[in-house]
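**Q** Here's the letter readout for the chains.
Protein chains: 2
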Amino acid sequence: MIYNFSAGPGVLPEPVLREVQAEFLSYKQGVSIVEMSHRSDTFATIVEQLEARLRRLMQIPDDYAVLFLQGGATLQFSMVPMNLRESGRFAYLDSGIWSKKAIADAKHYGDVVVAGSSAAVKYRDLPAWPETISDVDYLHVTLNNTIEGTRYTKLPDTGVPIVADVSSNILAEAIDVKRYGLLYAGAQKNIGPAGLTLVIIRRDLIVDRDLPSYLAYSKHVDTLLNTPSTFSLYVAERVLAWVEGEGGVEAMERRNVEKSGLFYDALDASPLFHAVVSGKQRSLTNIPFTTGDAETDRAFQRFAEARGLIELGGHRSVGGLRASLYNAMPLEGVKRLIDVMHEFEQEGQDVSYKNV
Amino acid sequence: MIYNFSAGPGVLPEPVLREVQAEFLSYKQGVSIVEMSHRSDTFATIVEQLEARLRRLMQIPDDYAVLFLQGGATLQFSMVPMNLRESGRFAYLDSGIWSKKAIADAKHYGDVVVAGSSAAVKYRDLPAWPETISDVDYLHVTLNNTIEGTRYTKLPDTGVPIVADVSSNILAEAIDVKRYGLLYAGAQKNIGPAGLTLVIIRRDLIVDRDLPSYLAYSKHVDTLLNTPSTFSLYVAERVLAWVEGEGGVEAMERRNVEKSGLFYDALDASPLFHAVVSGKQRSLTNIPFTTGDAETDRAFQRFAEARGLIELGGHRSVGGLRASLYNAMPLEGVKRLIDVMHEFEQEGQDVSYKNV
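Going down the list, the sequences are from chains A and B.
So that you can map any letter, position 325 of the first sequence is 325 in the numbering used here, and since no number is skipped, the others follow by simple counting.
The numbering used here runs 1000 ahead of the 1-based position in the second sequence.
None of these hints come from the bench; they were simulated from the model.
Misleading hints may appear alongside valid ones.
Computed footprint of chain B on chain A; a stretch qualifies when at least three of its residues, placed anywhere within it, have a C-beta under 8 Å from a C-beta of chain B [claimed, not checked]: (1) 15-21; (2) 70-78; (3) 205-213; (4) 229-243.
Beta carbons are placed, not taken as given, at the ideal position from N, Cα and C, and that holds for glycine.
Start from the sequences, fold in the hints, and give me the full structure.
**A** Structure follows, in structure tokens:
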């Protein structure tokens, strides 16, 4: 049994993978899903179902559009300021490496007001929400910081639309869509395979700005502008069906609270490992941890890998260790990880991993 | 047996689909390919192989970079002028609906010189290459017009870089890469599933232009900037292995000449159907045809569909009929289509399809 702690592309529900495999050569008695025109009736039905399920699961109000794009969150770092630009002043919370990248891209389209930053403490905690904010087109926040393992749980009342990158916590915890102007997410964590980017946008924010076709949100509303990554949409629809069958976002959040709680407790009690983030800012889905020593971290990663626990390395920009506990990670995977940590701690009393 | 004549996403080689299905749950004794980090060694090897195979198949010189992007050819309609802009004057050949869209997007970044257009004849033939062209940053051409079924076979000597959209003829016929400054193609016709866009660019044309990250070619060179549609890259690598095993581009072109020749001959001899394009401009891969009557065309489409020949409708913008004969379409599929046309012609002597 392999348990995959990758931060993304990450683990997907096994029943979905088996279903995809079974019908891969012939979808609905026809050709393979990957050979199917995105304009066919069969594929149109898949897209409709995908949107309907997402709307039900996230309780997306009717005055929000759902767009199916490509290019990942990274392309949204450009498309958001390009499309939401009114005054040309944008506020950003600088809470991690991904928000830093979003800020750099937004600067190409206007003036960025950094409304709060935790860069000085290497993003170990979250910048506070600004008490007041005005004269900006929107306030951008990375709701869950995949690399640093922090998350916002409270949303302030602001007079401006809040734009949130929810790539790593969408469908993993409840998100009150109507509090936001725009949400975007790469699919490859809790939604499905890479290749799909979701944008959920309040319709009054969609303005025809004379942008080139792919880059204009207005061209993607209620239609597929061009060929999407069809396989990614198809699998996403199946994953959302699985989430619904399992009890929806509420059930996912309950499980993720349980899984991450178990793991944080083990880290807090460990004589060797500790969590990088403390207190209420801890992410439910991405948990960086460390022994405090880079060589011992690497030794543990190899030790765990030899026992079927893979992708426990921290992001290449920060090092250390990280366990991503997305919806499809079973509780058993977390228990196994904790057992293997205990095993490593025991063996560590005998040998020095620094000399491996 | 179903034969799929879709213009894209289109038919893929059956041995590849079977291989993908067989290893879908566990790639190389590990997790599913769709759960695999794009930064893992295993996936890095897939990307290296994909690039190496493409370079061998197309004889791509070392001074060209290969980029793996998302967003389809449509996003390239913006990225090309954004990245290649020097003087801000671009020349375009207006040979079809896709080139028209490319022109519309390029106008956002500079002045477009339409160096030739067949719009007046509804793109039934190709505009001539301009005899001389200068003072432009590049000359853009859609080498094979997927909707209209025309293709360029000769390339003039120009003093400016030629940029070509080769979405529907890449790997289907020989393309002399070194004659071009830049080639781009959506994968979903001859390369693999949708979700991957290839850009092949002469390295001296890659200039750091202070563009936002996803939109700058310079940020994608020799690296994966962010998470690509990993499944699309993986299947593309397998399709390219199949093309190599079948004898490479030369063998594909030979087969495509045979298949399309057979089909054009049948159309030219038919009392009912005729090809829309005449003479040397006929595409090897996309063949629009018609009875001259919209209702009869639709009747034939239904007639063929009932016999397992699917996706024979013309593009929604032009109507009529179209058969796309990509690399993975076997000769038997074309023969079967011709047989079914004959059957329809026979029955047509008895009943009027206009009154169906």
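**Q** Are there three or more residues in the region 229-243 of chain A whose C-beta lies within less than 8 Å of some C-beta in chain B?
**A** holds (count 5)
**Q** Taking a Cβ-Cβ distance under 8 Å as contact, does the region 70-78 of chain A have three or more residues in contact with chain B?
**A** It holds, with 8 qualifying residues against the three required.
**Q** Check, residue by residue, whether the region 15-21 of chain A contains three or more positions whose beta-carbon lies closer than 8 Å to a beta-carbon of chain B, and give the verdict.
**A** holds (count 4)
**Q** Are at least 3 residues of the region 205-213 of chain A within less than 8 Å of chain B when you compare beta carbons?
**A** With 4 residues closer than 8 Å to chain B, the region 205-213 of chain A meets the three-residue bar; holds.
The structure is consistent with each of the numbered hints, conforming to all of them.
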